[in-house]
Amino acid sequence: MLLAEQQKSRKLRRVLFYTGFSTVIFITVLGLLYGLRPMLLPFVLGSFLAYLCKPLVTFRGSPVKKYMRAGGIILILVTTIYWGGKLVRDSLPSEKEKLVLKVRLQYRASERYAALMGLTAGGKGNLAYKFLGQDLDPIVAKAVESLKLSDDEKQLFLLYVGGYKNEEPIQEKYYDYYLSNIKAQKADVEKMKQTNQASISAAGVAKSEGTAEGSNLAEKIHLFTTWLIFPLSFAFILLDKGQIVHFFMRIVPNRYFELVYSVVENVDEALGKYIRGTLIECLLVGLSLMIGFYVSGMEFKVALIIGLIGGLTNAIPFVGTFIACIVGAAYSLIAEDVHSILPFIDANNLMIAVIVVVMITHLLDNAVFQPLVVGSAVNIHPLVVIVGVFGGSMMFGFAGLIFAIPTIVVTKVVIETFYTGIKEYRII
Amino acid sequence: MSPGATAKESSNSNPLPQEKRTALRIFWGQLRGNGRNNWDADKIKFLKKIPFFENLRRKQLEEVATLVYERDYEENEYIFEVSQPGAALFIVQYGEVSVEIPRDDEEPTQLAVVGKHQFVGELALLDEAPRSASARALGKTKVFALFRKDLDRLSETHPDITSHIYRALAIIVGNRLKATNELIDKKLKLVG
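These protein sequence lines are chains A and B, in that order. Read in order, the letters of the first sequence correspond to residues 1 to 428 in my numbering. Read in order, the letters of the second sequence correspond to residues 1 to 192 in my numbering.
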């Protein structure tokens with residue numbers, strides 16, 4: 001009787017201890033997460049990348065030691081990030097190129113629309129314009145309005161026309177486009193060309209750049225200290241031999257030990273297959289788009305950027321190829337010097353070539369890439385992925401965008417395995 | 001010569017005191033990057049005595065040691081129950097485990113009592129078939145758990161290690177089959 005009471009009292013003490021202890025741990029972890037939130041993204045990204053690279057360290061057959069392999073991976077990764085980043089950075093339009101691109105887009109969009117609707121040379125519009133003009137006019141006007149240069153951009157453009165920051169002066173042709181755009185907007189061109197105003201703004205621009213330099217250094221130091229965790233988490237997780245899982249398994253009660261292990265294993269398997277497969281698929285789609293656009297006659301820089309955008313967004317079903325199509329078509333509007341390997345492609349039918357390339361890539365993706373590299377790892381409905389990705393980005397921004405799909409995969413597998421498991425292990 | 005005398009002799013022949021030798025061993029161990037400590041060494045020594053791992057070399061045992069999970073069970077706590085999916089083999093580090101088949105409204109039928117250096121649930125290393133019996137701790141018990149999926153993964157990276165383990169498992173299962181056959185034969189003779 002006394003023993004039973006002692007046992008009951010001990011059980012109560014145990015429950016109280018575990019509840020109190022768990023609450024303290026929970027609050028501490030929440031506090032730490034809140035306090036260290038700037039470090040959270042680099043840490044999670046580093047761990048995520050290490051998780052993706054893990055099979056490269058543990059693969060069989062090579063006599064090279066594990067640490068050497070891990071070192072090799074880090075070296076390859078750093079080199080790829082550096083050179084890839086440099087290539088992408090060089091391919092991205094500079095300040096001057098962005099201004100020229102806006103001017104060209106604004107000019108060519110108006111010109112193409114006018115030609116398509118039969119509004120050139122004082123025309124009153126063709127049949128298409130009579131039917132669709134009323135609806136299309138405000139849309140095109142809005143699109144052209146969004147491409148309009150701001151006052152600061154106009155000043156900067158004029159500075160570049162005369163040669164600014166040791167850059168080649170902007171081509172006469174684009175200056176004519178600019179004038180034509182201005183005329184269309186009924187702007188005062190003469191006023192903007194006044195040298196005095198331009199030189200004052202040039203001095204202003206230079207001054208503002210000078211003051212920005214100081215704060216840039218502090219920002220860079222802060223960025224460096226925050227992102228220092230990235231390579232550290234990457235290296236430690238890459239070299240981890242299961243100690244992390246072992247540590248967390250220790251706190252699992254005996255009754256749930258085998259069940260939790262099965263859930264962890266299933267999540268690891270499904271997540272690994274899905275994420276690695278999706279990444280390879282994105283890479284293949286991006287490459288196909290890039291090669292297709294380049295063969296169609298786009299500049300290498302442009303083909304690379306559009307391929308990159310299409311590849312990156314391909315993780316979201318349908319969206320990737322759709323975005324690549326929109327961006328490619330938009331570029332085909334302003335493309336002037338098209339030198340394709342295929343003789344029948346020129347500036348006038350580049351848009352058709354873009355649509356064909358996107359369609360072929362989409363077909364390839366569905367028929368070859370997806371079945372080969374993703375397979376039937378985790379079957380997630382495209383609508384769930386789309387809602388998840390957009391919802392994630394709305395709630396958590398960039399981090400939400402990146403981790404939406406892994407979170408969906410983990411949630412799906414955990415629910416499925418756990419539900420089956422708790423029945424098999426007779427917990428419910 | 002008694003084992004105590006041998007130990008005394010060997011310690012006399014070595015000029016370094018025991019603490020210094022232990023410290024040096026840990027230092028060189030850390031320097032080699034093995035991350036090994038006394039506890040790991042004990043674990044490896046223990047695993048060496050288990051039939052599954054007796055033919056493995058030290059380096060191979062180190063690989064296996066990283067896979068096993070250590071679990072503590074209280075008296076009467078179940079390690080696994082009959083009909084549950086089998087996922088792991090359990091090796092008894094200390095304590096005793098009763099292998100039994102539960103009966104409705106009756107005391108369970110005890111098939112065996114497993115002690116130190118013995119194991120239960122070895123068939124889980126082969127497939128996910130449901131457990132044929134329950135395993136219950138008879139007192140405070142410590143076990144090592146080795147999961148099938150970890151072993152499968154080890155087969156991909158270190159097939160040399162798993163070939164030894166599977167061979168030992170085949171021998172154990174074969175011996176048990178022989179014993180069962182003999183038992184059936186005896187029973188049949190008794191009935192006949």
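Please keep in mind that the hints were generated in silico from the structure rather than gathered at the bench. Please read these numbers as outputs of a predicted model, since none were measured by experiment. The C-beta atom is built at its ideal place from N, Cα and C for all residues, glycine as well. Some hints here could point you the wrong way.
Reference excerpt, derived from the structure (chain A facing chain B, CB under 8 Å, subset only) [as the list claims (entries may be wrong)]:
no., residue
1, I27
2, K241
3, N254
4, F257
5, Y261
6, E265
7, E424
8, Y425
9, R426
Structure-based check of each hint:
1. I27: Violated: closest Cβ of chain B sits about 28 Å from A:I27, beyond 8 Å.
2. K241: holds, 5 Å
3. N254: holds, 6 Å
4. F257: Hint on A:F257: holds, closest Cβ of chain B at ~6 Å, below 8 Å.
5. Y261: holds, 6 Å
6. E265: holds, 5 Å
7. E424: holds, 5 Å
8. Y425: Holds, about 5 Å.
9. R426: holds, 7 Å
Hint 1 from the list above is the single one not met by this structure.
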